[in-house]
Amino acid sequence: MAQNFAASKKRRREPVQVDTKLVEIYEDLASEKDEIRLKAAQALISQFTPDKNPTDEQIQKALQRLFRGLCSSRKAARIGFSVALTELLTQVFASPRESAGLGISNVLAIWESQSNATGGESGQEQRDHHFGRLFGAEAIIKSSILFKSKATFTEWTKVLDLLFELAQKKPWIREECGWILYRCVYDLSSQKADAKFVEAVIERLCSSGLAQTPEGVSIWLATKDLFPKASLPSKVWKHDDPFDTKERNQLAKVMKESSTADSEGGNKSSGVWNSKLHFAWDAVVCRLSEGSKEKSKSKSSSRIGFADFWTEVVDNGLFAAASSDERKYWGFLLFVKVLNESPLQQASRIFTKNLVRCLTNQLAVEDRYLHKMAVKAAKTIQTRVSKEPEFAAASVIGLMGSVGSVNFDQVTKTKTIEKIVVEANVDALKQIVPMFEKLIANPGASDPKGAASSRLFLAGLLLSIVRSRSSASNAEDGIEAVLEHILLIFVRFAYFMDNGSDVTQQTQELFRSRINSSLNSLIATQRYAATIPYTVVRKIRDAAKSEEYGRFIINMDDTLGESVKTAFKSLKKLSNMEKKEEKGAIEAFKLLYSMTILQVYNGDADAVSMLDELDFCYTKFLGDKKSKKDEKSDASDALVEILLSFASKPSQLFRRMSEQVFGAFADKVTENGLESFISILEAKESLAGQQEMFDQQDDEDGDAEMMDVDEDDSDVEVVEAEDQESDDDNDSDSDDEEEDNANDAEDAIFEAKLAEALGSHRADQNLDEKTDDSDSDGEDMNDDDMEQVDQQLAKVFKARRDALSQKKDKKDAKETMVNFKNRVLDLLEIYVKKCHSNILALDLILPLLRLTRKSTVKQISSKTSSVLREYTKLCKGSAVPELDEETVGPVWELLKSIHKEATHSGTPTHASACSQASLLVVKVLVAHDRSTLADIVDVYGQTRKEQLLSKKCHVQPTFFSEWNNWCVSASKQGKN
Numbered sequence: 001m002a003q004n005f006a007a008s009k010k011r012r013r014e015p016v017q018v019d020t021k022l023v024e025i026y027e028d029l030a031s032e033k034d035e036i037r038l039k040a041a042q043a044l045i046s047q048f049t050p051d052k053n054p055t056d057e058q059i060q061k062a063l064q065r066l067f068r069g070l071c072s073s074r075k076a077a078r079i080g081f082s083v084a085l086t087e088l089l090t091q092v093f094a095s096p097r098e099s100a101g102l103g104i105s106n107v108l109a110i111w112e113s114q115s116n117a118t119g120g121e122s123g124q125e126q127r128d129h130h131f132g133r134l135f136g137a138e139a140i141i142k143s144s145i146l147f148k149s150k151a152t153f154t155e156w157t158k159v160l161d162l163l164f165e166l167a168q169k170k171p172w173i174r175e176e177c178g179w180i181l182y183r184c185v186y187d188l189s190s191q192k193a194d195a196k197f198v199e200a201v202i203e204r205l206c207s208s209g210l211a212q213t214p215e216g217v218s219i220w221l222a223t224k225d226l227f228p229k230a231s232l233p234s235k236v237w238k239h240d241d242p243f244d245t246k247e248r249n250q251l252a253k254v255m256k257e258s259s260t261a262d263s264e265g266g267n268k269s270s271g272v273w274n275s276k277l278h279f280a281w282d283a284v285v286c287r288l289s290e291g292s293k294e295k296s297k298s299k300s301s302s303r304i305g306f307a308d309f310w311t312e313v314v315d316n317g318l319f320a321a322a323s324s325d326e327r328k329y330w331g332f333l334l335f336v337k338v339l340n341e342s343p344l345q346q347a348s349r350i351f352t353k354n355l356v357r358c359l360t361n362q363l364a365v366e367d368r369y370l371h372k373m374a375v376k377a378a379k380t381i382q383t384r385v386s387k388e389p390e391f392a393a394a395s396v397i398g399l400m401g402s403v404g405s406v407n408f409d410q411v412t413k414t415k416t417i418e419k420i421v422v423e424a425n426v427d428a429l430k431q432i433v434p435m436f437e438k439l440i441a442n443p444g445a446s447d448p449k450g451a452a453s454s455r456l457f458l459a460g461l462l463l464s465i466v467r468s469r470s471s472a473s474n475a476e477d478g479i480e481a482v483l484e485h486i487l488l489i490f491v492r493f494a495y496f497m498d499n500g501s502d503v504t505q506q507t508q509e510l511f512r513s514r515i516n517s518s519l520n521s522l523i524a525t526q527r528y529a530a531t532i533p534y535t536v537v538r539k540i541r542d543a544a545k546s547e548e549y550g551r552f553i554i555n556m557d558d559t560l561g562e563s564v565k566t567a568f569k570s571l572k573k574l575s576n577m578e579k580k581e582e583k584g585a586i587e588a589f590k591l592l593y594s595m596t597i598l599q600v601y602n603g604d605a606d607a608v609s610m611l612d613e614l615d616f617c618y619t620k621f622l623g624d625k626k627s628k629k630d631e632k633s634d635a636s637d638a639l640v641e642i643l644l645s646f647a648s649k650p651s652q653l654f655r656r657m658s659e660q661v662f663g664a665f666a667d668k669v670t671e672n673g674l675e676s677f678i679s680i681l682e683a684k685e686s687l688a689g690q691q692e693m694f695d696q697q698d699d700e701d702g703d704a705e706m707m708d709v710d711e712d713d714s715d716v717e718v719v720e721a722e723d724q725e726s727d728d729d730n731d732s733d734s735d736d737e738e739e740d741n742a743n744d745a746e747d748a749i750f751e752a753k754l755a756e757a758l759g760s761h762r763a764d765q766n767l768d769e770k771t772d773d774s775d776s777d778g779e780d781m782n783d784d785d786m787e788q789v790d791q792q793l794a795k796v797f798k799a800r801r802d803a804l805s806q807k808k809d810k811k812d813a814k815e816t817m818v819n820f821k822n823r824v825l826d827l828l829e830i831y832v833k834k835c836h837s838n839i840l841a842l843d844l845i846l847p848l849l850r851l852t853r854k855s856t857v858k859q860i861s862s863k864t865s866s867v868l869r870e871y872t873k874l875c876k877g878s879a880v881p882e883l884d885e886e887t888v889g890p891v892w893e894l895l896k897s898i899h900k901e902a903t904h905s906g907t908p909t910h911a912s913a914c915s916q917a918s919l920l921v922v923k924v925l926v927a928h929d930r931s932t933l934a935d936i937v938d939v940y941g942q943t944r945k946e947q948l949l950s951k952k953c954h955v956q957p958t959f960f961s962e963w964n965n966w967c968v969s970a971s972k973q974g975k976n
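Here the numbering used here is used: the sequence shown runs in plain steps of one and ends on residue 976.
Some hints could be false.
Once the Cα atoms are required to be at most 16 Å apart in a straight line, the calculated EDC-like pairs of lysine to aspartate or glutamate come out as [stated by the list, open to error]:
id : residue 1 : residue 2
1  : LYS158    : ASP225
2  : LYS684    : ASP812
3  : LYS834    : GLU613
4  : LYS565    : GLU613
5  : LYS620    : GLU682
6  : LYS75     : ASP34
7  : LYS413    : ASP447
8  : LYS229    : GLU175
9  : LYS229    : ASP240
10 : LYS632    : ASP667
11 : LYS854    : GLU582
12 : LYS569    : ASP612
13 : LYS896    : ASP843
14 : LYS873    : ASP812
15 : LYS573    : ASP615
16 : LYS419    : GLU390
17 : LYS39     : GLU112
18 : LYS235    : ASP194
19 : LYS430    : GLU480
20 : LYS569    : GLU613
21 : LYS565    : ASP615
22 : LYS372    : GLU326
Keep in mind the hints are simulated off the structure, nothing from the lab. Owing to the predicted nature of the structure, the values given are computational and were not obtained by experimental measurement.
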């Protein structure tokens, strides 16, 4: 006994043999990192390769550990253990082994025992065991050991029975059970397995009452598709097909997991709501593609199509007005899925009534339950359009058409439609633009205000299309026709009125404004400058004659009509010209003619006389080859005046148009034409300057450039004259102080006159100060006295209004002059780029220098300096203007005048400009005759002397330092 005790005691002291490597492998199988799990699975499988000839006991222990691991609650354990289990089963039963004591029945026994929940566990432990059974079934099925020759059909049915038992017992896991069996049908098909395996699945679906569930539908469809010869139970679905048209109502109930059913077996709900979309939707939708092979194989000619399915099952099911938010959530998930994955033809049919209504309502209010899902859906539409621009047509028609809302973007407070239309390709636009035209004609609003709002929105969308296409680097084939169509829509509703039309005058002005905004964008690219404006005015003329759009609202008298008729004759001749050497001039004249005719249609009184002048210019430049030089000069001067007339308008459109036309004729500008530019630069930036420049009448005409309703779409450019800065802060403060003092003085005068009219006094006046009439204080006024006071008050307030009006007129006049000078500087910049080597360009130097110094607006000074800098930069080498005997003298006078200008006090910008201008003239003189250097040195020496001796001379040091640098460079060139 002592010996036995000693032996037992000795055995307890023996160290336990623990395979630490295997422990690490099982630990790593539960890692949350994919690479660690996969590496551990490979390490485990490598220990059971045929060359290592593992024993049944080793395999059994590994299987027990793996099946037990599937019941773990650790997040990644089931994934890692499932992968390892699948691979282990596949490897063990793939090749013959020396010991065959371990069979498939043993594997199933281990699986069942390890995943069995006895009932004594906690709720979480039971859930873990149920998931362990689920993942174990998936591993066994994926390993395909049940479909090998060694397996018996009974073993397969046992797995099915356990799986269906789990699905019935725990509805919350039913979808996962269905997914395993659904994928199993595909695996059996790829292995070309006997149909009896899937028949067994269908049989248990029906016997368990799960045939008419989302899982049952997906498995049934997969079986019918992949095993067409399989024997399926009858009377489950009409014609044995869930897609039969007679089953549409039942299918809708099944797919939305309705709790009631018309079928005998009933429609069992899973009892839980899942935020993820059920896999059955994908199984159903992918089989409903128009023209799919599934449909072509179907014997039933009454099979439901995708559009009918979507309307009945999704729109009237998930998105029905009475549907819960949870079902609508599923609907949005499905909507997004189809948008992302389905072909164009299918995705184009999902914009149905209830869906679009729900999308609109949920987008409109941020605190609604499904708002985020609606935003995601809207963004998915935009993403699909950006990837497949053709889809834009279906999206816009769906969101704005018969089932949608014309004002979708306004209602939802988004820019969904706007972002879609700018991404649309030509094919899509050919569907969208005609639809917009119909909506503009009939916006569907019952009140005029609502109709005007809809038309405003639609016009904005059309303008967005024009802007996006005009700015595109490459023009698509057919896009010009689309752009012309858009402009003609604007023409129709801007200049014509149908009988019974409810288009208001304000809306017509809006469309005329949209024409200008569109042409502004199109002209900027120069691609369509010579064609689309001509198309617009030609359509206005033709439609006025044919009355295809209704009555022409513009009153055209005989004089106007004749001028326009003559202009169109010239336009027609220009369109037939094909002279390559004069292409720029031809296109410029076409643009100018078209824009001038458009101004006539817009009621601009000056445009008629401009047409006559334009006809004269055209005849002398292109029409009459025998035109004399003087006549061409006159034509050039007239053309300059026309362009300045357009440039004076505060409009981007006319600025760009004048720049394009001027670019084609800049080299033909004469001395008189250049003087017209100079006179504008030298005009005062004030009311007096405006009156002198424009010869304004007190009664201004009302044909000012129309403003768009939306500021973002406005074509009007205004440079705020208030935005003026001085480089000297003291001057700025002084100006502000003077203005404040002036305002205080005006207020004081107004208050004094008001007090005099009322017979009262200001609070800060001495109450003891009495006038001679003070003895009347305290007496009541009679009616005559009151009337006299009223008259006095009226005079005081009228004087006040007149003073304020005059102040506003001054401000407006300054803005007008600043804007005009800006436009002229733009044109002069074009001139110096094209004609810098022309001796005539030197005439610009002094006026530009004076403007740099005198202008009170910093933007004008900076822009003027920029033009001068560009001019001096371009005049290099052979590009320097050439002199002759007649021009040498004036150029010398110019150099002296520049030095005189440099003595004036000014900003550093002005000083730098004077130095650059002086050196430019020096280059011109030296290029003509290098011996003039001595005289040039004398001119600089005289300026230096004046700087030293005269207090009125304010030449900056840089004027001489830059001259010294030039002398060093010129000396080196002379020695070489």
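Outcome of the hint check:
In summary, the hint linking LYS158 to ASP225 is not supported, as the alpha carbons are separated by about 25 Å, beyond the 16 Å threshold. A distance of roughly 13 Å separates the Cα atoms of LYS684 and ASP812; the hinted pair therefore holds under the 16 Å criterion. The suggested pairing of LYS834 with GLU613 is violated, with an alpha-carbon distance near 25 Å, which exceeds 16 Å. Taken as a hint, the LYS565 and GLU613 pair is honoured in the structure, with Cα atoms around 15 Å apart against an allowance of 16 Å.
Between LYS620 and GLU682, the direct Cα distance comes to roughly 30 Å. Violation of the 16 Å bound is thereby established for this hinted pair. Distance check on the hinted pair: LYS75 and ASP34 sit about 12 Å apart at the alpha-carbon level, within 16 Å; holds. Note on LYS413 and ASP447: the hinted pairing is violated, with a Cα-Cα distance of about 21 Å set against a maximum of 16 Å. This hinted pair does not check out: LYS229 and GLU175 have alpha carbons roughly 27 Å apart, beyond 16 Å.
Using a Cα cut-off of 16 Å, the hinted pair LYS229 and ASP240 holds, with the two alpha carbons roughly 13 Å apart. Annotation: proposed proximity of LYS632 to ASP667 holds, straight-line Cα distance about 12 Å (limit 16 Å). Straight-line distance between C-alpha atoms of LYS854 and GLU582 comes to about 40 Å, which puts the hinted pair past the 16 Å bound. Annotation: proposed proximity of LYS569 to ASP612 holds, straight-line Cα distance about 13 Å (limit 16 Å).
About 14 Å separates the Cα atoms of LYS896 and ASP843, which keeps this hinted pair within 16 Å; it holds. With a C-alpha separation of about 36 Å, the suggested pairing of LYS873 with ASP812 is violated against the 16 Å cut-off. Distance restraint check for LYS573 and ASP615: the Cα-Cα separation of roughly 12 Å lies within the 16 Å cut-off, and the hinted pair is therefore satisfied. This hinted pair checks out: LYS419 and GLU390 have alpha carbons roughly 14 Å apart, not beyond 16 Å.
Distance hint between LYS39 and GLU112 is unfulfilled; the C-alpha atoms sit about 28 Å from each other, more than 16 Å. With a CA separation close to 24 Å, the supplied pair LYS235 and ASP194 exceeds the 16 Å bound. Proximity of LYS430 to GLU480 is assessed by CA-CA distance (about 11 Å); at most 16 Å being required, the pair is judged to hold. Taking the CA atoms of LYS569 and GLU613, the gap is near 15 Å; set against the 16 Å cutoff, the hint holds.
Restraint check for LYS565 and ASP615: satisfied, since their Cα atoms lie roughly 11 Å apart, inside the 16 Å limit. Only pairs whose Cα atoms come within 16 Å are accepted, and LYS372 paired with GLU326 is accepted, the gap being roughly 13 Å.
Going through the hint list in order, the structure does not satisfy hints 1, 3, 5, 7, 8, 11, 14, 17, 18.
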